[in-house]
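**Q** Spelled out, the chains give:
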Amino acid sequence: MLLKRIIPCLDTAGGRVVKGTHFQQLRDQGDPVALARAYSEDGADELTFLDIDATPQGRATLVDLVERTAYEVFIPLTVGGGIREVDEIRTLLRAGADKVSIQTAAVQRPELITEAARAFGSQCIVVAIDAKRVAGDGWMAFTHGGRTPTGIEAVGWAIEAQHRGAGEILLTSIDADGTRAGYDLELTRAVVDAVQIPVIASGGAGHPKDLEAVLTVGRADAALAASIFHSGAFPIPQVKAYLAGHGIPVRI
Amino acid sequence: MIALIDYGAGNLRSVENALARLNATATIAATPEDLDRAQAILFPGVGAAAPAMASLRDRGLDRAVITAIRNGVPFLGICLGMQLLFERSAEDGAACLGIIPGTVERLNTREKLPHVGWNTLEHVRPHPVLEGIEGEAFYFVHSYVVLPRHPAVVAGDTTHGVPFVSAIARQGLVGVQFHPERSGTAGLRLLENFLRFAKVEAAA
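Here the protein sequences line up with chains A and B, keeping their order.
Each step along the first sequence adds one to the number in the working numbering, with nothing skipped, and position 37 is 39.
Each step along the second sequence adds one to the number in the working numbering, with nothing skipped, and position 95 is 81.
Keep in mind the hints are simulated off the structure, nothing from the lab.
Cβ coordinates follow ideal geometry from the N, Cα and C atoms, glycine included.
You can trust all of the hints, since none of them are fake.
Subject to a maximum C-alpha distance of 30 Å in a straight line, what follows is the list of computed DSSO-like cross-link-like pairs (lysine-lysine):
| no. | chain 1 | residue 1 | chain 2 | residue 2 |
| --- | --- | --- | --- | --- |
| 1 | A | K211 | A | K134 |
| 2 | B | K98 | A | K134 |
| 3 | A | K211 | B | K98 |
Simulated coverage check for chain B against chain A, where a stretch passes if three residues somewhere in it have a Cβ under 8 Å from a Cβ of chain A:
| no. | region |
| --- | --- |
| 4 | 1 to 14 |
| 5 | 27 to 38 |
| 6 | 101 to 109 |
| 7 | 156 to 170 |
All chains, full assembly: derive it from the sequences and hints.
**A** Have a look at this one:
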């Protein structure tokens, strides 16, 4: 049976992790490679690097970081953050990324999804959608961390992304993100029910029960989280043991 | 010499990295001559069957792979690298290498495709390369699966709504649908098994 995936997300800039993590001995050095290795050894099923430094110099540093991570971490690695061009995707995949996540550029130029999927296969193209609940019912897609409205309805955008060749949807609830009060289950379920490709839920994890809820009620294929792991509150083995204890198939 | 076939369709880097972790060095093989000298061959692959076959033919690697396998060189096909060993793929209707009787078809399941993520390898048939990995989870990314004509080559299966063949073995030839190079310690174990098997075969 296909197992549910648990994915820690690391925010990077200038080749460093920019948010603290509980790996005390590693925190000072903030080295994403060391952290990636630690999470991998802890039982992470995949890793996501979200680069928040989209300058040309930062890009070169990111490529180097991906190379160094792929050299010693043997689980799938997704890289996102400011990716705009097919050539950039090629460079990151060659450096050792297994998938790339595109967001703003996909909204601005949806053909990028098609071009990238044709060039490299849908399996490595993740379309990231940041969704915010709007008055009435439904959700709209936003960019720039929820600051910029796109005027695009989020569930419909997920469907279009799939048709254009996305292999997965990385769905973040802007309302839930940072609250540690749980994922937006309704949003997750709405997108999962609308598309046939895997959906990675993101935003709001504060307790293992939140991951359980989004993987069962929300029917997500994978749960991405940052602070719940970085803070040390709930290490991956504990989260996975909790999920397994509640009948969710996970890799132990 | 361990050859890693480069036909422009594989994610060579991650296989190379995994071998490096196991203190093995692979030689990138892009010509038939490279394969002639190989004591073991790894055949990775990501992507679609038709362009991969075209690229193999352009480089003359199709005949070289067939010859190497006929000569009993230990061989590990990964994902598309396993599928291409069959006669034909329903993906683009591509004619493949025809080394293993059977075809490649889209997985007939009600579950989501592509089948992405970790899934377990079951019913493993004893083979030195597949030792100690029964029941372990491996990372899969695919929509198509192999349908061997002879059940005897089936060496393991996995269930995604329906069971499908996720490992094959015929003497020194092994193929897996998953990506050992992306499957953590279980994947490294399989690659280590393969390297050890190749060494034993080379000494024999």
